[in-house]
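> Could you build all of it, start to finish, from the sequences and the hints given here?
First to last, the protein sequences are chains A and B.
Taking numbering that gives the first Met the number 0, the leading residue of the first sequence gets 0, the next gets one more, and so forth.
Taking numbering that gives the first Met the number 0, the leading residue of the second sequence gets 0, the next gets one more, and so forth.
These are computed hints drawn from the structure, not numbers from a lab.
Every residue gets a Cβ at the ideal spot worked out from N, C-alpha and C, and that includes glycine.
Heads up, some of the hints might be wrong.
[As the list claims (entries may be wrong)] Label pairs and their computed distance ranges (CB to CB): (1) B:Val375 <-> A:Arg50: 53 to 59 Å; (2) A:Arg50 <-> B:Pro165: 56 to 62 Å; (3) A:Glu4 <-> B:Leu316: 34 to 40 Å; (4) B:Ile135 <-> A:Thr14: 55 to 61 Å; (5) A:Ala186 <-> B:Gly104: 50 to 56 Å; (6) A:Gly35 <-> B:Pro307: 27 to 33 Å; (7) A:Ser154 <-> B:Gly388: 33 to 39 Å; (8) B:Cys151 <-> A:Gly35: 39 to 45 Å; (9) B:Arg222 <-> A:Asp228: 28 to 34 Å.
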Amino acid sequence: MIHIEQLRKAWPGFTLEIEDLEIAPGEYFVVLGPTGAGKTVLLLCLAGILRPDSGRVWFDERNVTDLPPEHRTVGWVSQSNTLFPHLTVAQNVGFGRRYCRRDTGILPAKGWHGHPARENHGQDAHATSFDQRVARLSELLDLRRLLDRQPADLSGGEIQRVMLARALALEPRVLLLDEPLRGLDPATQERLCGELGRIHRELGTTTFHITHDHIEARALADRIAVLRDGRMEQIGAAEEVFERPTTCFVARFTGAENLFALSKSALSAGEGDIQFLDRRLLPQGIAADDTTHVAIRPEHIEIRPDNEAANAAPSESLRLKGKIASLAKQGGWLRVTVRCETTSWVALIHPRDAAQCCLELGSNVIIAVGSQHLIQIKESPSDTKNESLKSRNLVS
Amino acid sequence: MKIRRIDIAAWAGLAILAHVLLVSRYVEPFVNVAFCVVNLYFLVFGALLAYWRRQAERPVVLYMVGYVFGYALLIAMCFVYNPQWQPRFFLYAILYISLFRLPLGLALLWIFVVATLVGQAFALQVFAFLAAVAIILHQVYRARRDWFVVACMGFGALAFGLFLFPVLCLATTDSPQTLLDAFRRSEVRAAIATSLLSASAAAGLTLLFGVPFAYALARSQFRGKALVETAIDLPILIPHSAVGVAYLLLFGEKAIWGQSLQLSGTFWGIVAVQVFVSAPFLIKTVYQAFDAMGSGYEMTARTLGASPAGAFGRVALPLASRAILIGAILAWSRAVSEVGSVELFAYYPMTAPILIANKASQLGIDQARPIAVLLVVTCLFIFLGLHVGRVLATRPFRSTGKTLS
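If you want it as C-alpha cells, here you go:
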C-alpha cells in the first residue's frame with residue numbers, strides 16, 4: 000500500500016531518515032516515538048504537506064513523492080484542532096463533497112471492506128455515495144446530534160471524532176492520525192481509542208497513527224515502528240516490539256522500565272552491581288558479554304512477603320530480597336518501587352494481589368520474575384546514548 | 000463612631016441655629032428656610048446611612064465630606080463667576096443626598112457640577128465626554144474589581160479623549176441650518192462627493208491587490224522578507240508632501256509618464272496617491288490575520304481535495320474576512336483624510352479636506368468650519384455604518400485560538 004524508500008528530510012540539527020518502510024493494505028500501523036523524534040515530519044511527508052529532501056514515497060504502484068496533498072486521497076487528522084471554525088460540523092464533514100468526483104490520477108479507489116456495493120456505482124453516483132458514507136460515518140462515530148453545531152461548541156473528544164469523520168468521508172487510501180488522543184481526559188481517551196479500533200475493523204482503512212504513548216500503541220497497532228531522533232529503531236508486529244525489543248531505547252519506551260546491564264565481572268564473581276543475577280538462575284541463552292542488557296516489564300514482576308521465601312516455585316528464575324521504597328496508584332494498578340541493595344525495581348501490581356501480601360512502605364519483600372519474562376537485549380557498543388539509560392537504574 | 004439619636008438631635012439643633020444666625024446677614028429668609036430643610040434632610044439621611052451600614056464610620060464621613068466639599072465649591076464659584084447660581088445649591092444638595100448610595104449616579108452628579116463650572120460654553124460636551132468615561136470605568140470596575148486596570152483605563156481614556164475632544168466640540172457646534180446652507184453650495188457638495196468616491200475607489204483598489212499580496216507574504220519564506228515587510232510600512236513613514244513631490248516627479252504634467260498617463264490633477268491622480276498612503280493599513284492587518292491563522296486549516300482543506308486556490312477561497316478568505324473588512328475600513332478612512340500628497344499632486348478636482356484648508360487660509364476659520372463639520376459628520380456616519388455593517392455581516396464564529404505551526 001505505502002512504500003517509503005530512502006526518505007530523507009533534514010533541518011539544521013535534525014534529520015529524518017527512513018531506509019525502507021512498507022505498510023500493507025488495511026494495516027493499522029503505529030509509529031511510536033518521543034517528542035521531537037520526527038513522527039509528525041514523517042506523517043506530513045506522507046500527506047504531501049512536506050516534501051522530502053530526497054527519497055521516494057509510493058502509494059501502491061505509483062510514485063507520489065511530488066504529488067500535492069489534494070491528489071493523494073489521504074485523510075489527515077492533525078495534532079491541533081483544524082475544524083474550520085466558520086462552518087458547522089455537517090459542513091466540515093461534507094467539505095470534500097465537491098471534490099469527491101475528482102480524478103485523482105492514482106489507481107481507482109478500492110471499495111470499502113464493509114461496503115462492497117460501492118463498486119457498482121458509476122462515476123455519477125460519487126456524490127450520492129459520498130452522502131451515504133457521511134451518513135454511515137456519523138452513525139459509526141455518533142455524530143448525529145452534533146451536525147448543526149459550531150466547532151467552538153464542541154468538547155475535545157467531539158472535535159477529534161468530527162475530524163476523524165471528516166478525514167474518512169472521502170474514503171482515503173490511508174488515514175493519517177497525528178496523536179489523535181492528545182490532550183483528552185483519560186475517560187475520553189479510552190473511549191476514542193476503542194472507537195478508533197472499531198472504525199478500523201469496520202472500514203478496513205489503512206491507518207498510519209503516530210503517538211508517544213505505548214499503551215495506546217499496544218491497544219491499536221497491527222505493527223509498530225519505534226522512531227528515535229529521525230531513525231527507525233525497530234519495526235515489527237506489535238507484540239514482537241513489546242516482547243522482544245531489540246534496543247534499550249525501545250525497551251524503555253515501550254514500558255519495560257526495569258533495565259539492567261550485565262557485566263562479565265559481575266556474573267562471574269556473583270557480586271557487585273548485579274549480584275542478584277546469579278549464574279545458577281540465568282536462563283539459557285543469556286550470554287554475559289559487555290553489551291548485554293536485561294529488560295523486565297513491570298507487570299511481570301511478582302512481589303511476595305518475605306516470610307514466604309521458603310516455598311518458592313521452581314519455575315522462577317530470579318528471586319531477590321528488597322525493601323519497598325515507594326507506592327503509587329497508577330490507573331487501577333499499584334506501582335511499587337522496590338530497592339534491592341544497589342538496584343531498584345518497578346513493578347505494577349494488581350490491587351487484589353497487593354491486598355493479599357499487605358504491601359507497606361518500608362516492608363521487606365521478595366520479588367520474583369519468571370525466566371520467560373527476562374528480555375535479553377544485545378546492543379552494539381557504538382550506541383553510546385544508552386549509557387545514560389542503564390546508569391539511571393543502576394547507579395542511583 | 001457610635002451614632003445615637005441624641006447626636007442627631009444636637010447636630011440638627013446646631014444646623015437650625017446656624018441658619019437663624021445667617022438669616023439676618025446674607026441670605027433671603029425664604030431661601031434660608033429652604034436650605035435649612037435641605038440640611039435637615041441631609042442629617043436624617045446621614046443617620047439612616049449610619050444605621051444601614053451598621054454604624055460604620057467611613058461611609059458616613061465620606062458622605063459628610065462630599066456634601067460640604069461640593070457645597071463649598073459651588074459657593075466659591077458662585078462668588079467668583081455668577082451670583083445667579085443659587086438654585087444649583089438645591090439641585091446639588093437634593094441630588095447628592097438621593098444619589099449617595101449609587102456610586103455611578105454620584106459620579107455623574109459630580110461630573111455635571113465640574114462640567115458646568117469648567118466647561119462654560121461647552122459644558123454639555125464636557126459632561127457627555129466625562130460621563131462616558133465614568134460609565135466605562137464603572138463597568139470595568141464591576142467586571143474586574145481591579146483598581147489597577149481601572150486606573151489605567153481612566154488615565155488612558157482621559158488622555159485619549161482630550162485629543163478627541165475638539166472634534167466632538169466641532170461636530171456639535173454648528174446649527175443644522177448653517178450646515179444645510181453650506182451643503183447647498185455646489186462646490187462643497189462636489190468636494191465631498193469627490194472625497195468619498197476617490198476614497199472608495201482607493202480602498203477598492205487596495206483590496207484588490209492587497210489581500211492576495213498579504214496572503215502570499217504570510218505563506219512564503221524568502222530571503223529579504225523582512226525587507227519587504229518594512230517596505231510595506233514606508234508609506235506611513237514618508238511625509239505625505241514628499242509623496243506628492245515624488246509622484247509629480249514621474250507623473251507631473253511635464254514629467255516622463257505625465258503626458259501619456261494624465262494622472263496629475265485628475266480624479267485618478269487623487270486615487271493613486273490615496274492608494275499609496277492607505278495600502279499599508281490594509282496589508283498589515285490582513286497579513287497579520289493570515290499569519291496568525293497558520294497554514295493548518297488550508298492544509299487540511301487540501302488533504303480533503305481542495306486546490307491551493309480552493310483552500311484560499313473556501314477556508315483562508317472566510318477566516319480572515321473580519322480582518323479584511325477592518326483593513327478595508329482603515330484604508331478607506333486613511334484615504335478620505337489624506338491632504339498632503341493630494342494637495343501637491345492633484346489639487347483639482349478639490350476633495351473636501353483641501354477645500355477646508357483652502358477656505359481656512361483664504362477666508363478664515365468661520366468659512367471653513369461648516370464644511371469641516373459636514374465632512375466630519377459624513378465620514379463619522381459612514382465609518383460607524385461600515386463598522387456596524389461589518390459586525391452584522393460577519394458571521395459570528397468564535398475562533399478556537401489554536402493554530403498549527
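> Each hint needs a verdict: does it hold in this structure or not?
Structure-based check of each hint:
no., hint, in the structure
1, B:Val375 <-> A:Arg50: 53 to 59 Å, "holds (55 Å)"
2, A:Arg50 <-> B:Pro165: 56 to 62 Å, "holds (59 Å)"
3, A:Glu4 <-> B:Leu316: 34 to 40 Å, "holds (38 Å)"
4, B:Ile135 <-> A:Thr14: 55 to 61 Å, "holds (56 Å)"
5, A:Ala186 <-> B:Gly104: 50 to 56 Å, "holds (52 Å)"
6, A:Gly35 <-> B:Pro307: 27 to 33 Å, "holds (30 Å)"
7, A:Ser154 <-> B:Gly388: 33 to 39 Å, "holds (34 Å)"
8, B:Cys151 <-> A:Gly35: 39 to 45 Å, "holds (41 Å)"
9, B:Arg222 <-> A:Asp228: 28 to 34 Å, "holds (30 Å)"
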